[in-house]
Every structure is written in structure tokens, then in C-alpha cells.
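Each chain is listed here by its residues.
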Amino acid sequence: MNEQWARSLFMDYLYDEIDPGDKQKLEQFLKEHPSLQKELHSLRQTHLKLQQMPDIEPAPRLLVVESQRRSLRQWLQDAKSLLPRTAVGKTGFALALSLLLLFFAGSVARVHIAFTDNGASISLGYTPVINEGLTQQEAQALIQQNQQEQAALLSDYTQAMNQQYDAQLQQVIQYLEQQRLEDLQLIGQNMEQLQHHTYYRWNQTNRFLDEVLQTVRYTNTNEP
Amino acid sequence: MTDEKLIAQYKNGNMRAFNLLVERWQQRVFRFAYHYFGSYDEAMEITQKTFIRAHKKIHTLNHSDKFSSWIYRIANNLCLDESKRAGRRWSTSLEAVAFHPVIQDADTHPGRFVQQKELKLLLQRALNQLPPPQRTVVIMKEYEGLKFREIAEILAIPESTVKTRMYSGLKTLKKLFEQWNIEPEVINYE
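These protein sequence lines map, in sequence, to chains X and L. All residue numbers for the first sequence refer to this note's numbering, where the first residue is 1 and numbers rise by one. All residue numbers for the second sequence refer to this note's numbering, where the first residue is 1 and numbers rise by one.
Since the hints were made in silico from the structure, they are not lab data. All values reported here derive from a predicted model rather than from experimental measurement. Careful: at least some of the hints might be erroneous.
[Claimed, not checked] Cross-link-like lysine-lysine pairs, in silico, DSBU-like; alpha carbons within 30 Å at most: (1) L:56 - X:23; (2) X:25 - L:174; (3) L:147 - L:117; (4) X:38 - L:175; (5) L:171 - X:31; (6) L:49 - L:120; (7) X:90 - X:80; (8) L:171 - X:23; (9) L:174 - X:38; (10) L:147 - X:38; (11) L:174 - X:31; (12) X:23 - L:147; (13) X:25 - L:175; (14) L:56 - L:84; (15) L:175 - L:84; (16) X:31 - L:175; (17) X:38 - L:171; (18) L:147 - X:25; (19) L:171 - X:25; (20) X:38 - L:56.
Next up, chain X with everything else stripped away, as it sits in the complex (with noise of 0.2 Å):
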């Protein structure tokens, strides 16, 4: 026996699942080589921790249910026990049957039933399109009509633009007049300004002028 043998029996011996001679064995080799005896008691432990896994809770209960196919004689045997057994029943089942594949190859081929004052028409995959045409004074009163629509929008988009333009004339109109009335109070400001300054101006040179004059005469009336 050697440690290799003895590692390949640790699983077994773990879980309980070693053949007694190789039980007895392996334990007697354990107590010979404590580093083997370390080593699997740190497996059990492992074991043991592994086993304190608390239980899950329970899966809802499945169930398998089996599909409810059915082959075609089933299926037309069903649909056999569908149809009518009286004569009666079995005669108006004929017409509706008649009916509903009349209707059904009409669509098919696009039957088109008409009915005009000249009599009935019937074609097949399209549908006919009848034009009708305007009588002489028809037209002419249609032309007419027309014209007076024309002439009656054509004045009223005149009218239309006459009064706008009037409008837009008036708002043009007042704004020149109220630049007018601006431009004269500027200039009346002005005005009034230029005048107090040349009075201030006339007011100083008559001041100068008189101190000129005092001075001229002053220096006369001391000369000798």
C-alpha cells in the first residue's frame, strides 16, 4: 500500500462505499501517515459543510396533458355526422351549398351584374364604366355658371387687395406725419438751444465790451 492507493480509496471510505478488508487497510495505513489522515478529515469537513444545504422549497406539481390531435377520417367522420338526414333538410343543405359556391365562383370571377334604363348587363372581371355626356345648352349653362363664379371671385379678390392696399397706404400715411411731428420738435429744441446761446454769447461781449471801455477810459482820464 502506498499514498496513491490510499488517495484512490478516499472517496469510498468517505461515503461509506469501501469493501471492509480495504476499510480496515486503509485506516491501519491512516495512523501510520497523519498528513493522509489530515488530509481526509479536511475532506469530511468539506462533506460535512456541503450537507448543511438547507432544503429547497418544492416545484408546483407538473403535469403532462396529451394533445388532442386528430387524424382526417376522424375528422371527416365527425363532419358526416354534421350533415342533415331528412329529405327536407338534405334539400334546402343542397341549396344553400348551391348558393354559397355560386357566390363563391361569381367572386372567383368577378361577375359584375348591371341594370341601367337600356336593360341589364352582365361581364366578367371588370367593371363596366358608362360615361353619359352634357347636353348643348347643358354646357352652355355650365360655361356660364362658371364664368360668373370666375367674375364673382375675380371682384372680390379685387376688392380684397384694394383694401389692403388702402390699409397699408394709411399706415404709411401716419407714420411719415408722425416722423414730421418729431423732426419739428427736434428742430424746435434746436432752435430754442441756438437761442440761449447766442444770447449768452451777446451777454458776454457787451460785459467785454464794457470792460474795455472803462479801461480805455481810465487810462485817458490819468494821462498827463
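Starting from the structure of chain X, add chain L where the hints point.
Just chain L, lined up with the frame of chain X:
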């Protein structure tokens, strides 16, 4: 009534027999899938798919006495498929797991319920870190209580391979528990 008889009855057109089989095996399949993914919804989906597949393929089951292995194999294959399909969701490297468990001392927790929830989360998280082949074997052994021989039959691999995977799985889990600093007191809490 044995599984074999129920299968025989179902093959003769008795739908109720199949429903009895479902009733008998549903919780085991669900439990396996739940431990595999740690998700109730995922487990429910796998359970449903397992029985749908079983319903479609049961006529190919020649040995009715192998039904248990067969149904577990279907469930395991579906889990593997789902695992591959959503690979990034379930495979995380050990280094990437930065987990600091709060379970260290049972006495410091106000209620057992809370601790049980945390323990469940912790163990499930550890299981999810295992590679799928090891995870399957560990779950089948620890939570399904199957013999190594039965697991080998389900997975169609030698019994020695099953034991090697179990050994490796336990080693990995031990390493994880140490890394997460899980104290021994946890397992003695009762």
C-alpha cells in the same frame, strides 16, 4: 408500482402513467437542477424541459429499469447545454470571487433563519464555482445520494473518473471555504 410498469403502461397509451412518473421524479430532477444553477426559475425550466424531452423520447428507452439513470442524464445534458449557452453567467474564476462571508460565528446572528439563508447562498455560490463535470458529480453524490456506480452509469464514464472528479471537487470546495474564511462552527450550529 415500479417505474418499469408505469413506462409499459404509458407506452400502451396510458397518459396517467406518465404523469405518475413525472410526479415521482419531478422533485429529484428539480433539486438536481436547482443545486446546479442555484436558481429556482432556471431549475423549473430545466425540469419542464427534462420531462418534455422524456415524453418525446421515452419510446427510445429500451431498458425501462434504467429510467432513473436516463432521466438524470437528460437533466444533466440540459443543464450542460444551458450552462454552455449562458457560459459567462455561471463560470467565474476563483480569483475573481471576492467574497467575504458574514457567517463566522453562529452566536453573533440574531436568527437561525437568516443564518440558514446565508449558508444556503454560500454553499450554492461555492458549487457554482466548480467546473460543470465536477459540479454534476458533487451534486449527484451529496444531494441526490447516488452511488458512484450509478453516477458513472448516468454520465457514461468509468467509476474511477467519477471518484477523481469528486475528489477534485471537494478539494476545490475546501480551498474556497478556506478562502472565504468559513469557520468550523458553522457546521456544528444546531
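Against the structure, the hints come out as follows:
With a CA separation close to 45 Å, the supplied pair residue 56 of chain L and residue 23 of chain X exceeds the 30 Å bound. Distance restraint check for residue 25 of chain X and residue 174 of chain L: the Cα-Cα separation of roughly 26 Å lies within the 30 Å cut-off, and the hinted pair is therefore satisfied. As the CA atoms of residue 147 of chain L and residue 117 of chain L are separated by approximately 29 Å, the hinted pair is consistent with the 30 Å bound. For the hint pairing residue 38 of chain X with residue 175 of chain L, the CA-to-CA distance comes to about 15 Å; that is within 30 Å, so the pair holds.
The hinted pair formed by residue 171 of chain L and residue 31 of chain X meets the criterion: a straight-line CA distance of about 22 Å does not exceed 30 Å. Note on residue 49 of chain L and residue 120 of chain L: the hinted pairing holds, with a Cα-Cα distance of about 25 Å set against a maximum of 30 Å. Between residue 90 of chain X and residue 80 of chain X, the direct Cα distance comes to roughly 13 Å. Compliance with the 30 Å bound is thereby established for this hinted pair. The suggested pairing of residue 171 of chain L with residue 23 of chain X holds, with an alpha-carbon distance near 21 Å, which does not exceed 30 Å.
Between residue 174 of chain L and residue 38 of chain X the alpha-carbon distance is near 13 Å, which keeps this suggested pair within the 30 Å criterion. Distance check on the hinted pair: residue 147 of chain L and residue 38 of chain X sit about 25 Å apart at the alpha-carbon level, within 30 Å; holds. Between the alpha carbons of residue 174 of chain L and residue 31 of chain X the distance comes to roughly 23 Å, so the proposed pair stays at or under 30 Å and holds. The hinted pair formed by residue 23 of chain X and residue 147 of chain L meets the criterion: a straight-line CA distance of about 17 Å does not exceed 30 Å.
Restraint check for residue 25 of chain X and residue 175 of chain L: satisfied, since their Cα atoms lie roughly 28 Å apart, inside the 30 Å limit. Proximity of residue 56 of chain L to residue 84 of chain L is assessed by CA-CA distance (about 23 Å); at most 30 Å being required, the pair is judged to hold. A distance of roughly 25 Å separates the Cα atoms of residue 175 of chain L and residue 84 of chain L; the hinted pair therefore holds under the 30 Å criterion. The hinted pair formed by residue 31 of chain X and residue 175 of chain L meets the criterion: a straight-line CA distance of about 25 Å does not exceed 30 Å.
Taken as a hint, the residue 38 of chain X and residue 171 of chain L pair is honoured in the structure, with Cα atoms around 13 Å apart against an allowance of 30 Å. For the proposed pair residue 147 of chain L and residue 25 of chain X, the alpha carbon gap of about 22 Å is at most 30 Å, so the pair holds. Note on residue 171 of chain L and residue 25 of chain X: the hinted pairing holds, with a Cα-Cα distance of about 23 Å set against a maximum of 30 Å. Note on residue 38 of chain X and residue 56 of chain L: the hinted pairing is violated, with a Cα-Cα distance of about 50 Å set against a maximum of 30 Å.
Hints 1, 20 from the earlier list are contradicted by this structure; the remaining hints agree with it.
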